[in-house]
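A.B. asks: Chain order of the listed sequences is C and U. According to the numbering used here, the first sequence is numbered sequentially starting from 394. According to the numbering used here, the second sequence is numbered sequentially starting from 52.
Hints were generated in silico from the structure; no laboratory data involved. Being a predicted model, the structure only gives us computed values, none of them experimental. Watch out, some of these pointers could steer you wrong.
[Claimed, not checked] Partial pick of chain C residues on the chain U-facing surface, computed with a CB cut under 8 Å: (1) 509; (2) 842; (3) 843; (4) 845; (5) 918; (6) 1246; (7) 1258; (8) 1279; (9) 1300; (10) 1301.
The C-beta atom is built at its ideal place from N, Cα and C for all residues, glycine as well.
One-letter residues, chain by chain:
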Amino acid sequence: MNNHQENQSLPDSNYWKSFEELYRDQKAISESHREFKEGVTDEFDPDKNLSGISRRKFLALLGASAAFAGAGCSDYPDKGAIIPYNKKPEEVVPGKANYYASTCAGCSSACGILIKTREGRPIKVDGNPDHPVSRGKICSQGQASILNLYDPSRLQDPMVYKDGFWNKETWSKVDKDIAGILKTAQGKEIVILGRKITSPTFKKVLDEFKAKYPSANVYSYEIFGDSIRSSAWSKCYPGTAYPSIKWDAARTIVSFEGDFLGVDGNKVEQSRMFAKNRDVNDPKNFNRLYVIEGKLSLTGSNADHRIKLSVAEQYELLLAFVNELSANSAVSSRMKPALKSLAASYSLKNIASKYGIDYKILQAMVKDLTANQGRSLIYGGVALSESAHIIINGLNDALGNTALYNAPGVEQFQMAAVNEIASLVGRMKQGSVHSVINVDCNPVYEFPADLKVAEAFKKVEFVISLSEFSNETTAVSKIVLPINHGFESWGDHQTRQGFYSLQQPVIAPLYNTRQREAVLLNLLSENPSTYSSDIYHKYLKSNWQLNIYPGINSAFGFEKYWLGVLHDGVALTSAASSGNYSISDQSFAGLESTIKLNGYLMMLNESPHLSDGRFAHNGWLQELPHPVTKVTWDNYASVSYQTSLKLGVKTNDLVEVNASGTKLNLPVVVQPGMADNVISVELGYGRSNSHIVADGVGFNANQFLSSKYTYSPFVITNVSVSKVPGKYSVVSTQDHHSFDDDLIKDIHKKREIIREGTVAQYIKNPDFIHGEGKKEHVNMYEDHQYDNVKWGMAIDLNKCIGCGDCTVACNVENNIPVVGKDQVERGRDMLWIRIDRYYSGTPDDPKVSFQPMLCQHCDQAPCENVCPVVATTHSPDGLNQMVYNRCVGTRYCSNNCPYKVRRFNYYNFRDNFAEGHYLGTSLELLHNPEVTVRSRGVMEKCTFCIQRISDARAEAIKDGVALTGDEVKTACQEACATNAIKFGSVNNKNSELYKYRNHSLGYHVLEELNTRPNVTYVAKLKNTFSEEA
Amino acid sequence: MKIDYSIEAPAIEGRLSIAQIEALIAKPLDSKPDKKFLLALSVSGSALALGAICVLMTFYFGIGLWGNNQPVGWGFDIVNFVFWVGIGHAGTLISAILFLLRQKWRTGIARFAEAMTIFAVMTAGLFPALHTGRPWLDGYLLPYPNQHGLWVNFTSPLLWDVFAVSTYFTVSLVFWYVGLIPDFASLRDRTTSKLKKTIYSIFSLGWRHSHRNWQHYEKAYMLLAGFATPLVLSVHTIVSFDFAVSIMPGWHATIFPPYFVAGAIFSGFAMVVTVLIFVRKIFDLEHIITVNHLEKMNKVILATGMMVGYAYAMEFFIAWYSGNPIEQFVFINRAFGPYYWAYWIMVSCNVLFPQLFWVRKFRRNIPLMFVVSIFVNIGMWFERFVITVTSLHRDFLPSSWGYYTPTLYDIGILIGSFGLFFTLVILFTKALPVVSIAEIKAVADGAQPTHHEEGGSH
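If we strip away everything but chain C, and leave its shape as in the complex, we get (with noise of 0.2 Å):
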């Protein structure tokens, strides 16, 4: 029995419980050898036969579908919080986003937009890639618009005036009685006052109500209208619809104080134009931009060369330039006379040692101009008078340049003219005008001051605003009628020939509200008391029915050529003729050949983000930096560095600026690059009745415009200012920093944050921003292999011009929220992705440079080691990841993240804004349903858009494909109008990240701190003049 290997086959004379035992079958001995029966520990798969599934696997299975069919069949009890669709609309797929085309009804560019609607709710906006003019983007206030749509204090029913108190009101009473006042009239007359108007429906719905009420008046009035462009269009060309230019045909482009990046005409066609001269793939043909300015707009920071010069002394310029260019044989046969003959005391020489210009870069001006005729193009800004826009007209024409006008725009309805609007209100003050109806407009804040407009609405019997918010104009009305957003509205819009935008209503009106189209045409009905809600909708197709499809010549039945435009966003009709421009002699008779401006001239331009103040009710816009001064929630007095020194004053002190006894205090802000003796003040501040998010931000500066203007309506000149006791915060995401210590002044180059280099030291080496070779740098630690798809960006920093369009767009789809300006000034933004600005050179002349800031998604990301709770990973495609859920928020990994993206939410913002502002209901309908809503105490940041990764993965999966990366569009990118981000796999050879990323101008930023960033920027490359020099 010793010898268990001799006695095998012999029984075991012990207990035995089976014949293998008793007869110590091998097998059983070492299996009784194991725990489990073999199976029992294996990873559970399906795909294996279900017969050889084991116990365990099989209980689980068991306990498992008991669980679903308990939970599925059982009568589920929670009828309060979820609701599943008992009849599941056709098109709504719970979880998938349904887009729908519009038109973007916030200004009058009438851009084609994109609405992404989840279950119903519209959630983002983006622009519609079929529109000719958007080509799927849109601008920020575009894309902040969504807010505007959810807002609990949007006016959410008719309020009638009465005995000193505001009474809500059923539409039906409203309508009767403004039926009844209507009809009151008798003859005297009714004015309706509006924004520009696109819509030729509506304009058709405005010439019923004339018809009806013959003594009816329509005026269209805004303040940045670009009236004075058009009535100098209208002196040199038969119309007063100025074309749209061919921008990206432009080699040249000199600007007369037009900021076309910033805030002139459509800025995001114009910019999209602009870049795509900007090409680091093709340096040769990158466009030149001279920008002459007396503020420093976003488009004088992205020129190749400024210069600073008040508007008053452009003039001379322009002159000078005029007659310099006629030196040209082939620019002086076409130059007219009358315009030669105006400029001929002037000489660029002169103006050059006059105002300190440097010589040099006029001399090259002049000659790139007269070297690309009719590939050049000169631009004048909305502060131009009326002589210079129309010298500007000529001098484009003496160039050739009009071939790169489109042909003329269209406009339904001609813009009133100062002049006009200041007669109108004396028949009001005169008490001649029976009633005002106010749709979609706000006169008491937007007419000239001088005027006071309030003050003639008291001798008007019947005011009546149409208004989504409240605001100057309903405070002095008799009822105020609330009205759709646009994303709850029907319309069409008409801006230029050759296509029509459409406008769709993508949810119903939210409020008791109506579009105010439908209010008026409504009025025109019999019975005004009942109404129903596709009475617009019903009236647009009829005029599409009757008036615009017959002149289409469509393949289609009107039927389906109407749901096939609706579904397009965009109907298109015969292209547009090109223009043919001729210049009359007659245009210049009567310019005047010098102009003096005295004292200091202040100039009032238009908000980059608030616009004239339409948009000041809105956080995201209020919060988003200037794109110049990176100031939030306030506009300012911005003077030069010198003037500032002559004046004595810093940043914060407040001045008294006094306009011919109008006077306004207002904070300063030194703006480097500011043209001396001039006050630069951004208008759409300082509203009254207007809720909580727009009223007493900034100050109101429209008490400045006046009807009576010397030069431009924009330009106050005789300005003094003086310093005033007192001071004031003005708030920026980034510090002023001094220009004259040593310690700080061009940080940014010296460590390699900003590498610029121009186009000619490019093409001589294209390496020369790496200096001696790209370093290497060594690690410790083998690498991690990312073999499939890993996540990276690129930022093309030619192509940005750091318009902050991606910020909104982030802000939008990531839920962002708005914290007010208290924490902007704690430095308690939320942005994840900011625009930082650089200025480097003097303040006289500073070089400005954009670089858009967000998580780069390190390799060794240095925040990931130091979080004691691991909320912050790595993802397997090279993602740095936060997770919510766990963060405890230790702040560690925002002290420890070299570029400070990290994102602290030090308050429940959502309730800390403004007495809890955004925590109203109907803003929670705004939030992406795919992106947590952070809580209090949590740390967040760019994620790289995981949301729309994930579901790119989930639809490669579903395919069953391979994801290559490009299927992924980050938010930013989507809205980056230059196309200046580029995303992907930075493992797919083919895409456009790959050749970006591996560019020779490609950089990232503390490349030396060796934690290799994912986002690469492509060094700014400017197009001085110097090469040919």
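Given the coordinates of chain C, assemble chain U onto it according to the supplied hints.
C.D. replies: Here is chain U on its own, set in the frame of chain C:
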């Protein structure tokens, strides 16, 4: 004045008898609280209440009430933490390291210094718990098994902190308590109150003053001293890792561990001196906590102050020597940037004022040493402020630079932390013997056999 170095200065002055010693030390415990005590308690209690209100507000609204921001994620919260942990360093150093080094003069001050250590670490320990954005989830910092399979990150210095500080606190507390056992027995034997007797009996663990008791006690005390000694060095080393392990210029420095330990002992001794000056006066302990003791502590302050000064200089030297422009910028910015005032307060308080202690007269001058020790406390608080805030406020990208301004809540919590510390100290003086009765008896004249004929009184 001539000093005879051949004669050891007596640890206790005034030739107190054993019974006198016991009566003197136990006096505050035998008597009812007087007006002075209640006044002191109300002052510190008010400060504590103020801090408590600020903390509760912070819980309710969030740490947005503080001045912290982006770039400066850590402000007063971490400054206070490091400050109080530093204060907690003197006690264990005195009781453990000086015990091992057979420094008899430690006996008069060891108990009190140890108590201060415990209270300071308790105060310090609040801050890491409070400073998180979601303090109700602080438990995530502990590695406990859970069904989510979540674990803590052992590469994070903040986690090391959790262990370092909690270990230090536990060992200090045990060490302190073991030292108290013979005293509890003496108090038990003295008291006539039944309640007190019960309490003292429980805490004295059946101590009978037997030789066997003493033998075990001495061994245990020695062992614990051995345990505690490395902790004195390790705790602040690990606290310094919070900074040194990061990549921020101004934080990422190899000098940090010794620099922090020296600074901690420096500030801890200063705080002990500050408090003892009052205690010896109020409780008539001038014979037990003598000027000699204070002078010795001042010498330690002088020495550690010089070490700290050396570290300041070395940081600048290395910044220059490294050739790293960002590092250089941070240090120039420290001394001449927007927070220059904090830097120069730090340098003058920590390096300049302690130089007075080179002079023996100044070392033994009680009002002067009080002033200097207060300055050192202020300076060391500012040292942590300078390290934490000025490094963060201007780091790599100039675009994200900012400025940190504390709010009233920050200041309220700082005051509250002093309130908590001093409330505990004041309660301690009335609840437990502030000087070790047993140890003092052991170093009193005549307690030990001597070969000097003149030396002892038999």
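A.B. asks: All hints are to be evaluated individually against the structure, with a verdict given for each.
C.D. replies: Hints, one by one, checked against the model:
Nearest Cβ of chain U to the Cβ of residue 509 of chain C: about 30 Å, over the 8 Å cut. The hint is violated. Restraint check, residue 842 of chain C versus chain U: the minimum CB separation of about 38 Å is more than 8 Å; hint violated. Given the 8 Å rule on beta carbons, the hint for residue 843 of chain C is violated: about 42 Å separates it from the nearest Cβ of chain U. Given the 8 Å rule on beta carbons, the hint for residue 845 of chain C is violated: about 44 Å separates it from the nearest Cβ of chain U.
With its C-beta approaching chain U no nearer than about 54 Å, residue 918 of chain C sits outside the 8 Å limit, and its interface hint is violated. A distance limit of 8 Å between C-beta atoms decides the matter here; for residue 1246 of chain C the minimum to chain U is near 7 Å, and the interface restraint holds. The closest approach between the C-beta of residue 1258 of chain C and any C-beta of chain U is roughly 5 Å, which is under the 8 Å cut-off, so the hint is satisfied. With a least beta-carbon distance of about 7 Å to chain U, the hint placing residue 1279 of chain C at the interface is held under the 8 Å criterion.
The closest approach between the C-beta of residue 1300 of chain C and any C-beta of chain U is roughly 4 Å, which is under the 8 Å cut-off, so the hint is satisfied. Interface hint status for residue 1301 of chain C: upheld, as the beta-carbon distance to the closest one in chain U is roughly 7 Å, under 8 Å.
Of the numbered hints stated above, those contradicted by the structure are hints 1, 2, 3, 4, 5, listed in ascending order.
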